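Enquirer: Take a look at the letters that make up each chain.
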Amino acid sequence: MLRDITIGQYYPTESVIHRLDPRTKFLGTIIFVVSLFLFKSFWGFLLTGGFLVCLTVLAHIPFKYVLKGMRPMLFLLLFMMIFTLLMTPGEVLGEWWIFTVTKEGIYAALFMGLRLTMLVLGSSLMTYTTTPNKLTAGMESVFGFLKIFKVPVHELAMMISIALRFIPILLEETNKIIKAQQARGADFESGGPVKRAKAMVPILIPLFVSSFRRAGELAEAMEARCYHGGEGRTKMKPLKYAKRDLVAYLCLIGLIVGCIFIP
Amino acid sequence: MVNFDKVTFEYIRRDEEGNVESINKALNEVDLDVKKGDFIAILGANGSGKSTLARHINALLTPTEGTVFISEMDTKEEKNLLKIRQKTGMVFQNPDNQIIAGLVEEDVGFGPENIGVPTKEIWERVAFALEKVGMTAYREKSPNNLSGGQKQRVAIAGILAMKPECIVLDEPTAMLDPKGRREVIETITELNKKEGITIILITHYMTEVVGADKVYVMSEGNIKMFGTPRQIFKEVERLKKYKLDVPQVTEIAYRLRQNGLNIPECILTVDEFMQCVTG
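Respectively, the protein sequence lines represent chains A and B.
Just so we're aligned, residue 1 is where the first sequence starts under this note's numbering, counting upward by one.
Just so we're aligned, residue 1 is where the second sequence starts under this note's numbering, counting upward by one.
Hints are supplied without guarantee of correctness; some may be wrong.
Straight-line C-alpha distance at most 20 angstroms; calculated EDC-like pairs for lysine to aspartate or glutamate [claimed, not checked]: (1) B:K83 - A:E220; (2) B:K83 - A:E104; (3) B:K79 - A:E189; (4) A:K235 - B:E140; (5) A:K237 - B:E121; (6) A:K235 - B:E121.
The set of hints was computed from the structure by calculation and includes no laboratory data.
In this text, all values refer to a predicted model and were calculated from it rather than measured experimentally.
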C-alpha cells in the first residue's frame, strides 16, 4: 500500500514543455504567479487562464489530471472564499443573522478563488512536467547567487536529491518493519486514534535507527568517492538553455506585460 | 602500491565526561605490502579488524601509530586525500547505501564529477565503466529496480569511472544471493586480469578467495597467516582456530585424507576433487 505513493507527481510525456530547461519552468512559474496579482479586472483571468490552457495542451497532459491537483486545496479554497464573502464591508445585498453579503464581498471572493486556483494549477503544471531531480538541479542553479551570502545551495540540493532517492527504499523498509511487527502480534488496525498512534511507535523507532545507520554509511561511501562539497565539482548533465527556452521567456514577458496593461 | 608500516589503530570509547572507558586495538602493528596488479584477499571473522584495515587504504581512517602509504603518498596528509581516494576506490557491503543518484548512469558519473572531470569525458568514462561491468543496458534505469548483484556492479562501475589503480571491496557479497555473489566475483576477477587493476577483496567467504594471488588471514587486529590460497587452506585446524572455515570441498577432502584415503593435500575446487576421486 505504501508503494503507491508517488512523490512529485511527474506525468511523463515527450512534450515541448517537458523538454524545457528546469530553470525556465521554475522562473516561469514565479513570473506566472506574479502576473496573477497584477491585474484588477476579470479580463486578466481570460489572459492568464488562456495561457494556462495553452500550456496544458502543449504539455499533453489531460485536463482531468490537472484538475485533480486541485482536490487537496478545495477545502482551504472554499473556506477562504466564504470568509472573504462575509467579511468584506460595502454595499449590502442581503443579511441573515450575523452574516452580511456585500457586492464587494462577492467580487473579492470570486477574485481570490480564481487567483488561488490558477496559482495552484500553474505550479502543479511545473511538477507534472519536471522530474524531481531536474527540478532540484534547476533550483540549485536559480538560487546559485545565494552562495555569496554563504547559503549552502549545493549542499541543500544534494540533500533533496538524496532524499528523493531514498524515499522508495525507506518505504520498503517501513513495509518490512510493519510485517515483522505484525508477525509478532502487533496490532495496527483496531482501537481509537490514540491507540493507533501509539501502535506506530514500534514502527518508527526501528525506522529511525536504520535511517541513521544508512545515513552514516552513505556519507562514508560519498567520501570514499571523493565527495568534498560543491567546490571544484563538474557536472555530468549541465543545464543548457535552448532556443525553446528563449521562446518561453518571450511568452512569459508577453504575459506579464499583458497583465500590467489590461483594462 | 599499498604499503602498511607497523599500523596500529585504536577505537577509543569514552564515557559521558570524556574519560577513556576502554581502548580497543582494531589493528595492532600490521605490515602489508601489495604490489600493483595483485589480486589479494583478506580473510577474517567478525571483529578481526579487516574492515578497519580496508578503511585505512582509502584514507577514511588514518592510523593511530605507524604509516600507510598509497603509491608513496602518506594517508595522514590532508593534501593527498583526494588523490588517494581517486587511486584506491572502495566498494562497501550494503549495495543500497552506496548508490547516491536516482539513475544508474548518474551514479556512475558521481565520482568523476567530484574530481572535476570535464563533462564530455564523464560521459566517455561512464560508458566505458558500465560496459566493463556489463550494465550498459541498465544505464537509464533507477537503481531501486536492480538486483543486489547488479547494484554492486553499478557500485564497481562508479569506482571504475574514476580510473583507479586499486579497488578495495569490503565484504561486497555479504548481502547478496549466490547468483549475485558469482556476478561480483567474476566482474572483479576480470577487471584484475584484463585491466590490471589491483584488487583487495575483504571477505569471510572462503570460496571467493580461491582465485586470489595471495591470501592474508586476520585475527585480533593482526595478520596471522599469509600465502597462496593453497598454502592457507592446507592448515585446516589453524584456520578453525581463527573462526574461519575452509571451502566445503576442501574440508571433505581433508577429512577423507585424515581417515587414510589417498587424496592429495589441499583440494580447492569441486573439479579437482572429482578428478582425484574418479580418476
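Enquirer: If a hint holds in the structure, say so; if it does not, say that too.
Expert: These are the hints, each one checked on the structure:
1. B:K83 - A:E220: 17 angstroms, holds
2. B:K83 - A:E104: 70 angstroms, violated
3. B:K79 - A:E189: Status violated; Cα separation ~57 angstroms.
4. A:K235 - B:E140: 17 angstroms, holds
5. A:K237 - B:E121: Holds - the C-alpha atoms of E121 (chain B) and K237 (chain A) are around 12 angstroms apart, at most 20 angstroms.
6. A:K235 - B:E121: Given pair K235 (chain A), E121 (chain B) holds - Cα atoms ~11 angstroms apart, limit 20 angstroms.
In the structure shown, a violation is registered for the earlier hints numbered 2, 3, in ascending order.
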